[in-house]
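Chain A is already provided as a structure; the job is to place chain B on it using the hints.
Residues per chain are reported as follows:
Protein chains: 2
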Amino acid sequence: MDKNQLVALITEMVIKQLCANSGTNKIPVAISNRHVHLSQEDMNRLFGANHSFKIFKNLSQPGQFAYEEKLTLVGPKGIFENVRILGPARPKTQVEISVSDGIKLGVKAPIRDSGDLDQSASLTLMGPYGSTTLPEGAIIAARHIHMHPSDAARFGVKDKDRISVKVPGARGLVYNEMLVRVSDNYKLEMHIDTDEANAAYLKNNDSAEIV
Amino acid sequence: MDKNQLVALITEMVIKQLCANSGTNKIPVAISNRHVHLSQEDMNRLFGANHSFKIFKNLSQPGQFAYEEKLTLVGPKGIFENVRILGPARPKTQVEISVSDGIKLGVKAPIRDSGDLDQSASLTLMGPYGSTTLPEGAIIAARHIHMHPSDAARFGVKDKDRISVKVPGARGLVYNEMLVRVSDNYKLEMHIDTDEANAAYLKNNDSAEIV
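In order, the protein sequences belong to chains A and B.
Per my numbering, the very first residue in the first sequence carries number 1; after that it's consecutive.
Per my numbering, the very first residue in the second sequence carries number 1001; after that it's consecutive.
This is chain A alone, in the form it adopts within the complex (with noise of 0.2 Å):
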């Protein structure tokens, strides 16, 4: 490499990280409490095949949205009670927890990306009808974060993809293995739980940057 193929390297190597610093990009940060995505059996089972739910509030992400309805997740050390259920119904019951709350609750949940359930952990959920134990079901949700496909155009980036995202202060850090989800359906948000957050004091709405 001679000398000017230097300065033009080093040149866009510059450029690309002034990019970086200036804004463009900024993902907005939201963080997810311990919630219940259910079957429609499951719904059955625990408030009774008559009730019919209702929507408490609309989520970021388009067509999703939380329940006015709250269970009580019961595990062999611990209860988590007034647990949010979001809609709508799945395929199959998946329950999303901390690694603090699978502490308290005394259940080994792995770190599992959404929807990949097979050999997850088991935990009871109890509502006001009846309660049920999932055979499996309890994961920890992999970091990710959700992007349309112009947002990941922008950034290079693709699905399934996994990327590092930055965040700045006193207790800043650099989240790997950031999941990147990919769909005409999502909105720019990057989803953590509740210990990722507060291990770099963010709050709702505060903004990250991938790296």
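Calculated directly from the structure, the hints in this document are not laboratory data.
Each hint should be verified, as a subset may be incorrect.
[Claimed, not checked] DSS-like, lysine-lysine: derived pairs with alpha carbons at most 27 Å apart: (1) A:92 with A:77; (2) A:92 with A:54; (3) A:57 with B:1104; (4) A:166 with B:1158; (5) A:158 with A:26; (6) A:166 with B:1026; (7) B:1054 with B:1092; (8) B:1187 with B:1160; (9) B:1104 with A:77; (10) A:70 with A:108; (11) A:77 with B:1077; (12) B:1077 with A:104; (13) A:108 with B:1104; (14) B:1108 with A:166; (15) A:160 with A:92; (16) A:160 with B:1166; (17) A:203 with B:1166; (18) B:1057 with B:1187; (19) A:166 with B:1203; (20) B:1166 with A:166; (21) B:1104 with A:104; (22) A:77 with B:1203; (23) A:203 with B:1108; (24) A:166 with B:1160; (25) B:1092 with B:1104; (26) A:203 with B:1077; (27) B:1077 with A:70; (28) B:1070 with A:104; (29) B:1092 with B:1108.
[As the list claims (entries may be wrong)] Cβ-to-Cβ under 8 Å is the rule here; a few derived chain A residues that face chain B: (30) 100; (31) 170; (32) 171; (33) 174; (34) 175; (35) 195; (36) 201.
Quick caveat: nothing in here was measured; it's all calculated off a predicted structure.
Quick reminder that beta carbons are idealized off the backbone N, C-alpha and C, glycines included.
Quick look at chain B alone, frame taken from chain A:
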């Protein structure tokens, strides 16, 4: 800079990186749960002037130990019972909590280096003999690495530096703003709190690596 200087500089950086990847930069992890360092005056207030404290066990840092006695932290929104007291006594009482502990207690503790208590958070301590409300003293301890001067020389860092430390795995991340604390009395060990450990799914005695 001429070509030879450039080659020397690049060679140095490559060697540094290779060393970083070779495992020589490994640091054992110790996870700090909430705990209290008491002044002699507060020991007397909480346990009575005639109480003689018993040592429960020595800690990994030379000269530091945990007492058998425990106390209760009382905040406006919650309490924590059975909180560990570490010794020896300090000139001023210092309470170290995590971000999630602060949320449960209802206390806005700042992120501080140990000993930097000026205008930190107020908190009430309750013992079997009496209680005391600290006007200040509750902090979220800044993540830090204890090291002996020989470790600091090996890593090329000095006391009060802030460095970056990487941990691997499905929840892998890089802790930035990691305070370096160097003393003849210290043993190599990275101290993070429970939120920081859970964010990376780390356990005691796992190892991290200086970037």
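Hints, verified against the model:
1. This hinted pair checks out: residue 92 (chain A) and residue 77 (chain A) have alpha carbons roughly 25 Å apart, not beyond 27 Å.
2. For the proposed pair residue 92 (chain A) and residue 54 (chain A), the alpha carbon gap of about 20 Å is at most 27 Å, so the pair holds.
3. With a CA separation close to 25 Å, the supplied pair residue 57 (chain A) and residue 1104 (chain B) stays within the 27 Å bound.
4. As the CA atoms of residue 166 (chain A) and residue 1158 (chain B) are separated by approximately 25 Å, the hinted pair is consistent with the 27 Å bound.
5. For the hint linking residue 158 (chain A) to residue 26 (chain A), the alpha-carbon distance of about 17 Å falls within 27 Å, and the restraint holds.
6. Restraint check for residue 166 (chain A) and residue 1026 (chain B): satisfied, since their Cα atoms lie roughly 22 Å apart, inside the 27 Å limit.
7. Distance check on the hinted pair: residue 1054 (chain B) and residue 1092 (chain B) sit about 20 Å apart at the alpha-carbon level, within 27 Å; holds.
8. Simply put, residue 1187 (chain B) and residue 1160 (chain B) have alpha-carbon atoms about 16 Å apart, close enough for the 27 Å limit, and the pair holds.
9. For a cut-off of 27 Å, the pair hint linking residue 1104 (chain B) to residue 77 (chain A) stands: about 20 Å separates their Cα positions.
10. At most 27 Å may separate the alpha-carbon atoms for a hinted pair to count; residue 70 (chain A) and residue 108 (chain A) meet this at roughly 23 Å.
11. For the hint linking residue 77 (chain A) to residue 1077 (chain B), the alpha-carbon distance of about 24 Å falls within 27 Å, and the restraint holds.
12. Note on residue 1077 (chain B) and residue 104 (chain A): the hinted pairing holds, with a Cα-Cα distance of about 20 Å set against a maximum of 27 Å.
13. Between the alpha carbons of residue 108 (chain A) and residue 1104 (chain B) the distance comes to roughly 24 Å, so the proposed pair stays at or under 27 Å and holds.
14. Proposed proximity of residue 1108 (chain B) and residue 166 (chain A) is supported: the alpha carbons are some 24 Å apart, at most 27 Å.
15. Under the criterion of a C-alpha separation no larger than 27 Å, the hint pairing residue 160 (chain A) with residue 92 (chain A) is consistent with the structure, at around 21 Å.
16. Distance restraint check for residue 160 (chain A) and residue 1166 (chain B): the Cα-Cα separation of roughly 23 Å lies within the 27 Å cut-off, and the hinted pair is therefore satisfied.
17. Between residue 203 (chain A) and residue 1166 (chain B), the direct Cα distance comes to roughly 23 Å. Compliance with the 27 Å bound is thereby established for this hinted pair.
18. A distance of roughly 17 Å separates the Cα atoms of residue 1057 (chain B) and residue 1187 (chain B); the hinted pair therefore holds under the 27 Å criterion.
19. With a C-alpha separation of about 23 Å, the suggested pairing of residue 166 (chain A) with residue 1203 (chain B) holds against the 27 Å cut-off.
20. The hinted pair formed by residue 1166 (chain B) and residue 166 (chain A) meets the criterion: a straight-line CA distance of about 13 Å does not exceed 27 Å.
21. A distance of roughly 15 Å separates the Cα atoms of residue 1104 (chain B) and residue 104 (chain A); the hinted pair therefore holds under the 27 Å criterion.
22. Distance hint between residue 77 (chain A) and residue 1203 (chain B) is fulfilled; the C-alpha atoms sit about 19 Å from each other, no more than 27 Å.
23. Distance hint between residue 203 (chain A) and residue 1108 (chain B) is fulfilled; the C-alpha atoms sit about 14 Å from each other, no more than 27 Å.
24. For the proposed pair residue 166 (chain A) and residue 1160 (chain B), the alpha carbon gap of about 23 Å is at most 27 Å, so the pair holds.
25. The hinted pair formed by residue 1092 (chain B) and residue 1104 (chain B) meets the criterion: a straight-line CA distance of about 24 Å does not exceed 27 Å.
26. This hinted pair checks out: residue 203 (chain A) and residue 1077 (chain B) have alpha carbons roughly 19 Å apart, not beyond 27 Å.
27. About 23 Å separates the Cα atoms of residue 1077 (chain B) and residue 70 (chain A), which keeps this hinted pair within 27 Å; it holds.
28. Under the criterion of a C-alpha separation no larger than 27 Å, the hint pairing residue 1070 (chain B) with residue 104 (chain A) is consistent with the structure, at around 21 Å.
29. Annotation: proposed proximity of residue 1092 (chain B) to residue 1108 (chain B) holds, straight-line Cα distance about 19 Å (limit 27 Å).
30. Taken as an interface hint, residue 100 (chain A) checks out: its beta carbon lies about 5 Å from the nearest beta carbon of chain B, inside 8 Å.
31. Interface restraint check for residue 170 (chain A): the shortest CB-CB distance to chain B comes to about 4 Å, inside 8 Å, so the restraint holds.
32. Restraint check, residue 171 (chain A) versus chain B: the minimum CB separation of about 6 Å is within 8 Å; hint holds.
33. Evaluation of the residue 174 (chain A) hint against chain B yields a held restraint, the C-beta minimum of about 4 Å falling below 8 Å.
34. Against a cut-off of 8 Å between C-beta atoms, the interface hint on residue 175 (chain A) holds, since the closest Cβ of chain B lies about 5 Å away.
35. A cut of 8 Å between beta carbons decides the hint on residue 195 (chain A): the least distance to chain B is about 4 Å, and the hint holds.
36. Hint on residue 201 (chain A) holds. Least Cβ distance to chain B is approximately 6 Å, under the 8 Å limit.
Of the numbered hints stated above, none is contradicted by the structure.
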